[in-house]
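Visitor: Sequence:
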Amino acid sequence: MWLKPDEILLKNAFKLWVTEEDNEYFVLQRRRGYGEGGGGLTGLLVGTLDTVLDSTSKVAPYRILHHTPDSQVYWSIACGVTKEEIVQHWDWLQQNVMRTLSVFDSSEDITSFVQGKIRGLIAEEGKTSLVLEEDPEKFREALLRFEKWFELPPKEKLVTYYSCSYWRGKVPCQGWLYLSTNFLCFYSYLLGAEVKLIISWDEIWRLEKTSNVILTESIHVLVHGEDHYFSMLMHLNETFVIMEQLADYSIKRLFDKEAFQREPALSDPLQITKRGLEAHAKSEQFRTFFRLPKEENLLEVHESFLWVPFSHYNTLGKICLSESYLCFASQDGSQCHVIIPMREVINVEKSDSSNRALTVCVRGKRALRFSEVRDYQRLANTIRSRCGISASPQHSASSEAIRGECQSLINHFEDNPEDVTLMVGQKDSSKAVSTEALMTVFHPQDVENLDPKMLKEKMKEQSWNIHFSEYGRGTSMFFTRKTRDLIVRGVPEALRGELWMLFSGAVNDMATHPGYYTDLVEQSLGTSTLATDEIERDLHRSLPEHPAFQSDTGISALRRVLTAYAYRNPKIGYCQAMNILTSVLLLYAKEEEAFWLLVAVCERMLPDYFNRRIIGALVDQAVFEDLIRENLPQLVEHMTDLSFFSSVSLSWFLTLFISVLPIESAVNVVDCFFYDGIKAILQLGLAVLDYNMGALISCHDDAEAVTILNKFFDSVTNKDSPLPSTVQQASLGGTDKTSRFNVDISELIREAYEKYGNIRSEDVESSRKRNKLHVIQTLEDTTKQNVIRVVTQEVRFSPSHLDGLYNLFKRQHFLCCYWTMKSPALLHHDPSLAYLEQYQLGFQQFSVLFSLLEPWAFCNTKSALSLWVFRLIDENQDGLINFKEFCYALDTLYSGSFTNKLKFLFKLHLPPAFTGSPLHLKEQRIQHFIPVTEDSSHLSRLSAFDLPQDGVIKKSPERGRGKVDLQAYLKQWQNEILKKEETIKDLPRIDQTQFIQFSKTLYNIFHGDPEEESLYRAVAHVTSLLLRMEEVGRRLQEPSSPSESSKPAAVDEGEPSTEEASTTPGSSDTSSSRNSQDAGADLTETDWSFSFEQVLASLLNEPTIVRFFERPVDVQTKLAQARVAQLKLKVNK
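When we follow our numbering, the leftmost residue of the sequence shown carries the number 1373, and every step to the right adds one.
Hints should not be assumed to be uniformly reliable.
As the list claims (entries may be wrong) - Cβ pair distances, simulated, as ranges:
(1) Ser2371 <-> Gly1541: 50 to 56 angstroms
(2) Val1567 <-> Trp1679: 56 to 62 angstroms
(3) Gln1460 <-> Asp2486: 43 to 49 angstroms
(4) Asp1891 <-> Arg1861: 26 to 32 angstroms
(5) Arg1746 <-> Arg1909: 32 to 38 angstroms
(6) Thr1391 <-> Arg1750: 53 to 59 angstroms
(7) Gly1541 <-> Arg1750: 53 to 59 angstroms
To be verified - 25 angstroms max Cα-Cα, derived DMTMM-like pairs, lysine to aspartate or glutamate:
(8) Lys2500 <-> Glu1456
(9) Lys1943 <-> Asp2135
(10) Lys1568 <-> Glu1513
(11) Lys1624 <-> Glu1650
(12) Lys2141 <-> Glu1598
(13) Lys1654 <-> Asp2135
(14) Lys1854 <-> Asp2135
(15) Lys2156 <-> Asp2092
(16) Lys1825 <-> Asp2116
(17) Lys1825 <-> Glu1808
(18) Lys1646 <-> Asp2062
(19) Lys2091 <-> Asp2073
Keep in mind that the hints were calculated from the coordinates and are not lab data. A virtual CB, placed ideally from N, CA and C, is assigned to each residue, including glycine.
Construct the entire structure; sequences and hints are all you get.
Guide: If you want it as C-alpha cells, here you go:
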C-alpha cells in the first residue's frame, strides 16, 4: 500500500528494522520480529509496541523508504503485509521511477518528484472509496489493519476507529476499537497475548455510559449475558454517540423495517460514513424539535441574533435551514423558537451591512430581523432561491407591484376564508368529507350564555387573542414560555383544533398536500381488507357515550379517516387505540385536519406505537420505569418489580390518557401532548403516581394498586369545562358517592410541570435509544423461546443445543442482509408472521450453514447434495427453510437410528430432491434453481405460486391491503395433524441412475474417515450383491408377462426390523402407486431398480458401515466450530 510521504529522522531507531534491499534512492526494510528469524522476546516486545502505538507495522511489517545520498532524512512511501506485496511496489519503483531520477540535478527536486508521484498514486486509489472520509491517509492505514486483523468480508464498511482499553475481568488491555457498519471490533496485542473481539450490532442488548470506582468513565456493552467495558477513550461522548447510531441503524434495518424504510439516507450499508451518521442525527434532532415532515434535512446552521418584538431585545440563537423551512431557536431552546415555511416568505432584504443583518418578510404583514449573521449575503441568496424570489434591482418595481397584489389577495382571503380552497387548488370535497369539527356541529357555543364556566372560557380566548397579537398567529408564530403557560392552564374549545394543527406540524403537511386526503378517501372507498374489517368492528366502541358518535355523521367521518390512513400506510393499517384517538381529534378538528393530526401522531410524535409489536409504546414504558427510579425512590423501595407500572400504564401511552380519564379532562392532556410530545405524558404519569404514593405503598398486591389508580382517574374532573353534562362521561355521577374528593385536571397538569418539568426532551430521546435495544432483543428472545418450545417436542436436541442452533440460524439469515440494500431475506422477514416463519433461509444461505453443521462433511456450499437436502426438507415447497425443518434434518443425521439416517440418504436420491441425471445436473439443475442474481435465488422454481413484483412470497398480507385466508390456514393445520408417519414400505424404488448417485454419495460420506478403505470395500460388496440379486430376480421372471414383473422377489432378500417398519391403515394407496411405478420401470428389459428394504438389509450385513453411521456426534463441538467458521466461510465465498 502506498503511503503519504512521511519524514523519518532515523531509518533504524532502536534497531527495530532490518534492511532487505537498498539502492541509491530507496530502501526496503522488514520489521524485526516478523518474517524470517522472527519471534522470540524481540518479536513479543516489538509486536506489543506496534499495537499500543497503533503502528502500521503491526499488520504491514514491510516498508520502503526514500532518501537521497546527501541527506540524512528518510521518507516512508510504502508498506506491505507480505513480502510479495512489498516486492511488487519495489519492482514498480525500479521500472518507472529510477530511470527518471537520474535526470534531476538537485536532491530537493528528486524528493519533490518522488513525493508527487506517490501522492498521485494514492489519489488515484482513493477516488472512489475514501473521498468521504475526513482524513483519507490515516483512514487507509486503519482500514488495512481492520481488514488484516478481523478478516471480515471486503464489503464491510469501516466507519471510524478509536484508541481505548478493553477490560478482561480486572485487567485492562490497551488496543484499538473499530466501528463498522455491522460490527464492533477490538484488537489488542500485549507481550504475545492477542485479544480479538467481534460483536455484531444486532446482538447487543444494552449500550450505555457507566462509571464506578475503578472505571471513572466507560462504555458498557451487554451481549448474550456477557459484559464488555471500554474505557480510556479520548473522545468518550463522540464514541458513544457513533456506537449508539450504528446500533440503532442495525436494529432498524434488520428488525424494525417499518421505521427503516422511512430513512432512505441510510438505506445502503456500503455508503455509511461517520460524517453521514452525524448529519443524519442532526437532521433527525432538527425535525423532532421543530415537528417538521420526514423529508426535511438540516442543510445549514448560522449563529445570529433575532429581534424579539414582544420583549424588545435581540436574543442569541441559531438559524436552521432545510429544503422548505427557515427555523430559529434561542440558545437555551426554551425561551423562544419560530418556524417559517418558505412558502410564506414574500421577500428577503439585506437591511444593514454594518450589523450583517437581513430581514425576512412573511405573509400577514410580519417581518423577522436577523443580525450578526456571519455569512448573511449567502444566506439571503439561499432563502431567495428556495422561495423563488428575484434579487436583481431592475425588477424591484415589479416586485413591489407583485407584493402589493399578493397583500391584497391575502387580505381578501383573510376576510373570506371560504375562498382559500380556490387558491390552493383543493377539490370540492364537501359532499364526501365533513368540513366542520364535530363539537361545533353537536355542541355549538351559546354566545348569550353567561354562566361562570362560559365566562372563564371567554377569558381564556381573550388571553390567547392577546398572545396572538404579540407573538403572531399561524405557522410563523413565536413559541415561548408564555405559550406553554397558556397550554398548561387549558386551551379554549374554539381554538383547540387550530392549535393542535399548529403544535403538531400537521398544518404544514396539509398545506403542502392539497387534495391528498380527498383522493385517499375516494381510492379507499369500498375496499375490503383485514384493516377495514377491524375498523368496522371498532367504530361503535369509539367514545360511545358521546352524542357525536351515536349518529351516522360522526361514525362516517371516523370510518373515512381510519380507512384513508390504513390505505396510506398499509404497514400500520389499523391498530386498536387509533379509533379512540381519532374520535377525539374529530371532535375538535375538521375531518381532513383530523387525518393529518393522525399522520403526525402515528408517524412522527409516537413512532412505532401503532404496529403489531407496539415497540414504541414498550420503549416508552421502559423510559417511564427509568424515570420512576430516578424521581420516586420511595415507590421503588416498596415495589422492587416496576413491570407492574409498565402493564398498568400501557393504555396511558397508547391513548394519551383518553381511555382512563373523562373526555373533558383528557383533552387537556392532549393539549400538552401536542405541544411537548411524549415528555408531557411521562410527566403526568409521574404526577399520578406521586399523587397516589401513600396509597400505593400501603397496598398488598397488584389488584389493590389497580383499584386505587382506577378510583383516582374516576375522580379527576375539569371544573372549567364548558361542555354540557350530556357530553361529560356518565361514570362521574356514581363516582361522587364513593369518592369524597375530586382532582382538577388543570391542577394535576400544573403540578406535573412544576415537579417534573425539568425532564429534558434530549434525555428522553437518549433513554429511548438505550431502551429500544433491550426491548427489541427481549421480543427477539421471546420469539426464540417460543420456537424452541415448539421444535423441542419433535427433536432430540437439548434446549441448550437448540439455543445455539437458533443463534447460528438467525445469524446466517442476517449474514446475507449485512452487505446488500435489498436482500430477499430482509424483504420476506415479517415480525407479524408466526414465530417459526420469521427467520427463514434461502438455498444459498442454507447451503453455507448446512455445510458447517452436517456430521460427515459430504456437502460443501456448491455441492449438488446441498440442493437435494434443501429440496427434501422444504416441505411446503416455497423455496425457504424454517428453523423447524432445519433442525429436523440435523436431528436425523445426528441422533437418528441407522435406519432413519439411511432412509434420509435414500430419499435424497428420489424426487423431489433428485430430479435428473448427475452428468447434467450442475449445468442444468443448479443453474435453474440458483439464478445469477442472488436476490431472487430462493424463488427460481416456484411455479405454483403467484409472485408479486418484488419477487418475494408474502406469507401474510400487509395489514392494510389484503385479507388472511383463514380457511387455508385451518386446512394446513388439519393436514399437519392428520399427517401419518412415513414407513419404509411407503418409499418408492430407486432406479438405475438414482442408485449410481446413491453409491457415489456413500463414497463421498466415507472420504477422509480413518476406516475409509474398509468402508469403500463394504460399499462395493453391497453394490455387487444387490446387482447380482437383481440379475437373479430378472432371470427368474423372464417367462412371466411384463405386467406381472412388478412383483419381484426382492422383498424376500431380507425384511427390515419390525421396530422401524410400522404399517398404517392408509398405506394401501401408496403401495399401489409404487407398484404401478415399478411396472412402468420394468417395461424395458435393461432397466432395474431396488427397494429401500433391499438396500437396508444389504447394508445391515456390513458392521463397518453400521458402526460408522451409529458413531455419536459431539454437538457442542460442532456448534462451537460453526460459530467460529461462519463469518470466515462468508469471506472465502
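Visitor: Now tell me, hint by hint, if it's right for this structure.
Guide: Hints, one by one, checked against the model:
no.: 1; hint: Ser2371 <-> Gly1541: 50 to 56 angstroms; verdict: holds, 55 angstroms
no.: 2; hint: Val1567 <-> Trp1679: 56 to 62 angstroms; verdict: holds, 59 angstroms
no.: 3; hint: Gln1460 <-> Asp2486: 43 to 49 angstroms; verdict: holds, 45 angstroms
no.: 4; hint: Asp1891 <-> Arg1861: 26 to 32 angstroms; verdict: violated, 39 angstroms
no.: 5; hint: Arg1746 <-> Arg1909: 32 to 38 angstroms; verdict: violated, 59 angstroms
no.: 6; hint: Thr1391 <-> Arg1750: 53 to 59 angstroms; verdict: holds, 56 angstroms
no.: 7; hint: Gly1541 <-> Arg1750: 53 to 59 angstroms; verdict: holds, 56 angstroms
no.: 8; hint: Lys2500 <-> Glu1456; verdict: holds, 23 angstroms
no.: 9; hint: Lys1943 <-> Asp2135; verdict: violated, 29 angstroms
no.: 10; hint: Lys1568 <-> Glu1513; verdict: holds, 19 angstroms
no.: 11; hint: Lys1624 <-> Glu1650; verdict: holds, 17 angstroms
no.: 12; hint: Lys2141 <-> Glu1598; verdict: holds, 20 angstroms
no.: 13; hint: Lys1654 <-> Asp2135; verdict: holds, 15 angstroms
no.: 14; hint: Lys1854 <-> Asp2135; verdict: holds, 23 angstroms
no.: 15; hint: Lys2156 <-> Asp2092; verdict: violated, 52 angstroms
no.: 16; hint: Lys1825 <-> Asp2116; verdict: holds, 14 angstroms
no.: 17; hint: Lys1825 <-> Glu1808; verdict: holds, 24 angstroms
no.: 18; hint: Lys1646 <-> Asp2062; verdict: violated, 43 angstroms
no.: 19; hint: Lys2091 <-> Asp2073; verdict: violated, 33 angstroms
Comparing the model with each earlier hint shows violations of hints 4, 5, 9, 15, 18 and 19; every other hint is respected.
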